[in-house]
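Protein chains: 2
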Amino acid sequence: MNIGFIGLGVMGRPMALHLCKAGHSVGIYARRREAADPLVAAGATLSATPAALASTSDVVVTMVTATADVEEVLLGDDGVLSGARPGSIVIDMSTIAPQATRRMADALQRRHVRMLDAPVTGGPAGAEAATLTIMVGGDPAVLDEVRPILERLGQQIVHMGGHGAGQVAKACNQLALLVNAEGVAEALALGERHGLDPRTLRRALLGGIAASRVLEEFGARMAERQFEPGMATRLYDKDLNIVLELAREVGRTLPAAGVVRKHLDEMIARGEGSRDLAALIQTVERLED
Amino acid sequence: MNIGFIGLGVMGRPMALHLCKAGHSVGIYARRREAADPLVAAGATLSATPAALASTSDVVVTMVTATADVEEVLLGDDGVLSGARPGSIVIDMSTIAPQATRRMADALQRRHVRMLDAPVTGGPAGAEAATLTIMVGGDPAVLDEVRPILERLGQQIVHMGGHGAGQVAKACNQLALLVNAEGVAEALALGERHGLDPRTLRRALLGGIAASRVLEEFGARMAERQFEPGMATRLYDKDLNIVLELAREVGRTLPAAGVVRKHLDEMIARGEGSRDLAALIQTVERLED
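Heads up: the sequence lines are chains A and B, in that order.
All residue numbers for the first sequence refer to my numbering, where the first residue is 1 and numbers rise by one.
All residue numbers for the second sequence refer to my numbering, where the first residue is 290 and numbers rise by one.
Worth flagging that the hints you see were computed from the coordinates, not collected in a lab.
Watch out, some of these pointers could steer you wrong.
[As the list claims (entries may be wrong)] Stretch by stretch, here's where chain A covers chain B in the computed footprint (C-beta under 8 Å, at least three residues):
1) 311-323
2) 405-416
3) 471-482
4) 491-501
5) 539-545
6) 569-578
Owing to the predicted nature of the structure, the values given are computational and were not obtained by experimental measurement.
Where is the CB? At the ideal position from N, CA and C, for every residue including glycine.
Model the full assembly from the supplied sequences, consistent with the hints where possible.
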């Protein structure tokens, strides 16, 4: 099976390399030529445009940043759709708005190209270790066709429902993660203000019902004041926009998500948007009664 | 070593039984005689008052509900202090206000009784399995004397600092736990509104960075609509009061804790205070934009 891969950033690069190592014939497209180098070294073929890549691919995987990036890569000039073979499959693993996913799936369907939304959780470390969880929306029969590919990238592949359902699940994941990060930041900040060592506090809390991967990973960086990303906070802010738009669509309000939104906006306004989410603790520490 | 145990509720009963089974000489005091029966059956001696119990104990453990309960049991008429032997040790494992703990430690110290605050996390299941995490405040040398007792009750014993530091750590634990529960409730409610099955969503989220014990345990009860406690929500509300008082003391505000406070207050006002914290999802589902 010929696989085309678009988006060779901190997530996409290790994912594409796993597919090369698994013996797949991998083609790539990269806006920045230097992003392609490690893949070309691993045997991938470089195409000049997404359309050219799609014309030689049975499956095209996209792993880019935002909704507009996926739209450009799939539907833009020289985009995937203009070159794609009828019957081929597009797997979008980016984190984008579910509504936009549904529109793109429709546009592709009219040209007999099938689409899955398959965003992931697990972060750069999960991409490197191929231990991602992949949340899939779309036709389960299409998922079955590409499951061997996804199994090279992740440990758990969960079919969530029709087109967009994978993106809804990812939005819920980001919501739970971000609110948990706010709670960990408030807890570590409160403890430190009352004289506790945040490292000891984190260790104690990991032994009980407050234990979480957020406490383990972001909590460690909060306690050590390590604010180098990881993932830049502005990417979480992008995801939170998707969450809040989903809430608006169904006439609901999410108050804890609203608190996080305010704090991420403050970080970005202060020029801290490229820091790790762990820097949220600095914003919490500044809050006066 | 003679151990006196006061507070034979959902947490205290299995803890006291562990001490009996470990071969300690255990005495008990119980306001309600029937609470004492399983302990007496396991070989514990029943005393008529906390003072009488203290007079025959090297170590007195208290595991009661709130600050006022600990004050009454320790400092009230026929309380522990009026019978305690000089040099004996009181370990308060209840979850109460750190300021009150410090005052009680001072009052006991004047009569040459030493005190530790040693609240726990792990819930009724952790108490049954003796896998609690115990957060200790007070003199580390006193902790060393009673460590073999605590090791019968928990897996991890963490010294947090001086008197009250164990209670501050517990408050931080409850803060992280409660905000996480709010985030899980918002995430599962949003997903369900958009057509996802909450059981499938929980399973997917457990595979990634949003994984937490709250998602695992409370998330399962939210997804299954199982609102029988567990711990009654009003006990978490009591703990949240301690958290917010600690924030006020240092002139800080905790916005996500404030969201949870509002929601728990609404639950209690609707007469749902004896339900499991998982019922928080019902309150979140009612929020309209």
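Structure-based check of each hint:
1. 311-323: Not satisfied, violated; 0 residues make the cut.
2. 405-416: As far as the segment 405-416 of chain B goes, the hint holds, because 5 residues have Cβ atoms under 8 Å from chain A.
3. 471-482: Contact hint for the segment 471-482 of chain B vs chain A: holds, 10 residues under 8 Å.
4. 491-501: holds (count 9)
5. 539-545: holds (count 7)
6. 569-578: Holds: 4 residues of the segment 569-578 of chain B have a Cβ under 8 Å from chain A.
Hint check: a violation occurs at hint 1 only; the rest are consistent with the structure.
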